[in-house]
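4 protein chains.
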Amino acid sequence: MTQTVTSPRPPRPGAAAAPGTAGPAASDLGRLLASCVDRPGIVSAITAFLHDRGANITQYDQETTDPVGGRFFQRLVFHLPGLRERLPQLEREFGETVAPRFGMTWRMRDVDALPRVALFVSRYDHCLLDLLWRWRRGEFPIDIVQVVSNHPDLAEAVAGFGVPYAHIPVTRATKPEAEQAQLDLLRDRVDLVVLARYMQILSGDLLDRIGVPVINIHHSFLPAFAGASPYDRARERGVKLIGATAHYATEDLDEGPIIEQDVIRVSHRHNAADLVRLGADIERTVLARAVRWHCEDRVMVNGRTTIVF
Amino acid sequence: MTQTVTSPRPPRPGAAAAPGTAGPAASDLGRLLASCVDRPGIVSAITAFLHDRGANITQYDQETTDPVGGRFFQRLVFHLPGLRERLPQLEREFGETVAPRFGMTWRMRDVDALPRVALFVSRYDHCLLDLLWRWRRGEFPIDIVQVVSNHPDLAEAVAGFGVPYAHIPVTRATKPEAEQAQLDLLRDRVDLVVLARYMQILSGDLLDRIGVPVINIHHSFLPAFAGASPYDRARERGVKLIGATAHYATEDLDEGPIIEQDVIRVSHRHNAADLVRLGADIERTVLARAVRWHCEDRVMVNGRTTIVF
Amino acid sequence: MTQTVTSPRPPRPGAAAAPGTAGPAASDLGRLLASCVDRPGIVSAITAFLHDRGANITQYDQETTDPVGGRFFQRLVFHLPGLRERLPQLEREFGETVAPRFGMTWRMRDVDALPRVALFVSRYDHCLLDLLWRWRRGEFPIDIVQVVSNHPDLAEAVAGFGVPYAHIPVTRATKPEAEQAQLDLLRDRVDLVVLARYMQILSGDLLDRIGVPVINIHHSFLPAFAGASPYDRARERGVKLIGATAHYATEDLDEGPIIEQDVIRVSHRHNAADLVRLGADIERTVLARAVRWHCEDRVMVNGRTTIVF
Amino acid sequence: MTQTVTSPRPPRPGAAAAPGTAGPAASDLGRLLASCVDRPGIVSAITAFLHDRGANITQYDQETTDPVGGRFFQRLVFHLPGLRERLPQLEREFGETVAPRFGMTWRMRDVDALPRVALFVSRYDHCLLDLLWRWRRGEFPIDIVQVVSNHPDLAEAVAGFGVPYAHIPVTRATKPEAEQAQLDLLRDRVDLVVLARYMQILSGDLLDRIGVPVINIHHSFLPAFAGASPYDRARERGVKLIGATAHYATEDLDEGPIIEQDVIRVSHRHNAADLVRLGADIERTVLARAVRWHCEDRVMVNGRTTIVF
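Protein chains in written order, with the working numbering: chain Y, 478 to 786; chain D, 478 to 786; chain W, 478 to 786; chain F, 478 to 786.
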């Protein structure tokens, strides 16, 4: 493994400073995500809990999959002065009172604490560069801390963004060692992995051990053209729209919960290279939306599907 | 005025029966819409109020226009056994406790009580027939009780749907009497008026006196091509997309709060007749969405704009 | 088989009269479609042929699948005074001179001679009514001469359009006889069959013997969710867009050349009934486009795919 | 004026070499654009001319604005071995025979001779970087020879692409000198100027003297919100879609012929910054399409409108 950092990391415009440093003023905004089997009183219990502690709810989204016996999903944003200091206690109290009462799966987060993200890439640069560029201009509430690639090709392009680039080659024979190197590099350092056209399949073992969500971009409108060479197959089948799908990676290839999809119109005038070119635009757009929504805590997994608030 | 009813009104598939009749089982679902100046405790107060009376909140949408000093908008759906009978008391109690505490504008509604709608039309049938057809197949939670037209042309087409058709001619000279006839016909009989390509301008006086919201469809992507002949002007200007806009009618023509808009791609290949044809599809689609959303209590007016939950 | 014609056929607005009757003035517009293996001189030969006979080319579209060794496809519209009378001789001459020189597949048509169309339907009315309504308002350059259904349900709705409605029930046991009745009814009477949500599979034998193109609408974005219950499967898979596909019917179900596709965005908020409702709008829109384009001679089949000029 | 070239110009992947150098094999493809008042025989004359000289027509698009008395527009691509050497004679012969016979406006071009393009920019980088990135990966058949800016901010970002960056400050007082400096820099060096969010208005005098087309991107769906601050005004008016428009710059600001437009859906959830962010994606997409189409000779101006083949 070769790790290259060619320049000191520049401050990202609009980024919040790390805790303890003299950075931008805290926004005092928190997010609470919760899900459980639906029954009366959940909303009231949550909102009373926050109100009693002086928090003002500024956004609230709720979905109940079925009015009777369905599952309850909720995302809310609240404003609480001094949130950064008060968050540990708030979490403890919520975990001891409201959450157990309803058997909730939940998490609470300080909006100013940016998720740390690693990007995996092979040789196609369009998704990677688009994510890096959006991040640099302040579009994403994240911190990109590492690029990992099985090829050295994009090291120079990434260097300009001040992000470390780890070249970890992967062959059939070295895959276990390579995945171990990836784990050693990332463990406890990232909150999300994004496969930005990374052309290697992650093993189920890696997905288990990495312990954070992994978002992948597939260059077709799944479930159409799952597997390899979707553009060639789209052209052979004569479809009139091509697309891209961002989904959470699971051990079942191309079967994970879909976060976002979009399409673009094509015609007989477009050859195979045109489809790749047009598809690249859809891929980078769809992946950017999925990453953004995930990092804004808008995406909740519900079995094989997602709820995107 | 000539009013024609050519056939007894057929029962609408899927429609709830009127209160007091032996109809479909009550869904026991209610909706509460509320808005006020934002401050802490609103959500908690509303949800506690409902919880204390045994209601379960099944959908909840909230928007606060600004975290500090902004305006709070909220739509929620709740399930409460026996709602039909309990609604009057629920309204009274909410109006005496929660609403005044926050200075709320609000309304509560039994989802089974269908809004009564009048459709205004002139000679173009596409918006009118599309609304009637969607209503007959059960797409809209409404009751279409009257069609009003300044022309007799569409009487026969409407007859097949079992809706009364009132022909009220309008000339420059007779406009005041015509509007009075419209008011006499509709007063206290409708909850919504939809202008489905009605080619007369309603006076500010009528809009005031009719006392219910009026939705209009404009055949352009407002504010582009406000006023007359938008398709001709779109073609002269060489735009690459044409559109339609559904908005609440106000005295300022084409200036009311926009509910929904959509567009379709056009090219040099399309002549003026093609734009009219393609536009008709967008008009009926956009108007149908706006009517549906309004009648599902999804649209809240915020000054010159709308919030669509 | 029961055939019902409840009212005399009303004249269609904008329709050209039949040859020999005192109808609208002839437009003198013709269309020529041609395809062959590409080689130099085709365009020049065709255009010289038309020019020498006094025709002016007003539209011209061409596609060559590959500059070297590809296939040439061409659609052109020409204006020739007295076309109706001159067409037979024009066809004969083209068939004796230009066509054999290049081994062309071709056809020439008087634009005023409307294609005769039969619509097949089962119980869902949305595609059928939309086609009939568009036809009545003059959107389609076609003549709808027959509706065929395996159910009686839509007879009354069709009657209002003045089109004969043949009820031909189909069971597993009677399918051969039913298909024979369909053939007897339609042979030499139609130029196109449209399956407007007809829920029976046409046998390969029928497709062979009917001798005209058959267009089908499938309620998914093929090849995703080919087969039955696409909306249910779309919801289970959690896709973010649903769609519809119009294609030429072939013996391989859901595998025929695609003419047109479109999609609409859906979310976790939409239940199964919502997908059906939203899908119905896409289905009727996509089918209407495909029928229109086919009848304007814009669609040419190229193996498993189509070229749509 | 400060001109910075920080690195030697890297070869662009996929770019054709300059004439006279040992570069990629010539494609032998040429394009002919022509327009004139329509009358019989134009197509035949053009195709015979090319056929007689051994050219094979591989693409052909034609538009006649009106079958009677309209204007004829045509774009064709032809294959002719040895085109590079034969082009001057071909142009001379066409200009002496076919063109004058029909009073044509026309131009012929070797597809391998890339148009030279200058990009103007101020401080927003999204359109500029997207064009440069697409160009570097071979998406555009152009040669970007110069970036011009009234600010120094983007010099470093441009340097990575190996394109010279000229910083020419503009104030109200120095505008004439600044425009003269721009003219001196670009005259006879470029075939197209692209205003990639250049926030200065070019004078009519500059537009006249520069002698090549100028493409601008406007950040609204023209003619809606022409002028300044379109996103703020879109939000105030509560539109449900925002868009961008690429058009040829003319002395009448925001009134030039539109090449391409597109829109994206927005809602009450989006604040002013969100509109800017979402709009940036539409702006760069629309501008990239317009530049591509222009440089593929697909765009022909017809009065205030364009034909895009």
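It cannot be assumed that every hint is accurate.
To be verified - In silico contact screen, one side only, chain Y against chain D (beta carbon under 8 Å); selected entries:
1) Ala525
2) His528
3) Asn533
4) Thr535
5) Tyr537
6) His628
Stated by the list, open to error - Over 10 Å on every C-beta distance to chain F, these chain D residues come out as not near it, computed from the model:
7) Cys513
8) Gly518
9) Val545
10) Gln566
11) Ala650
12) Gln677
13) Leu684
14) Val691
15) Ala701
16) Glu737
17) His745
18) Leu752
19) Val785
If you are wondering where the hints come from, they were derived from the structure by calculation, not from laboratory data. Here the structure is a predicted model, which is why all the values come from computation and not from measurement. For glycine and all other residues, C-beta sits at the position ideal for the given N, C-alpha and C.
What are the numbers of the hints that this structure violates, sorted from low to high?
-> Violated: hints 6, 15, 16, 17, 19.
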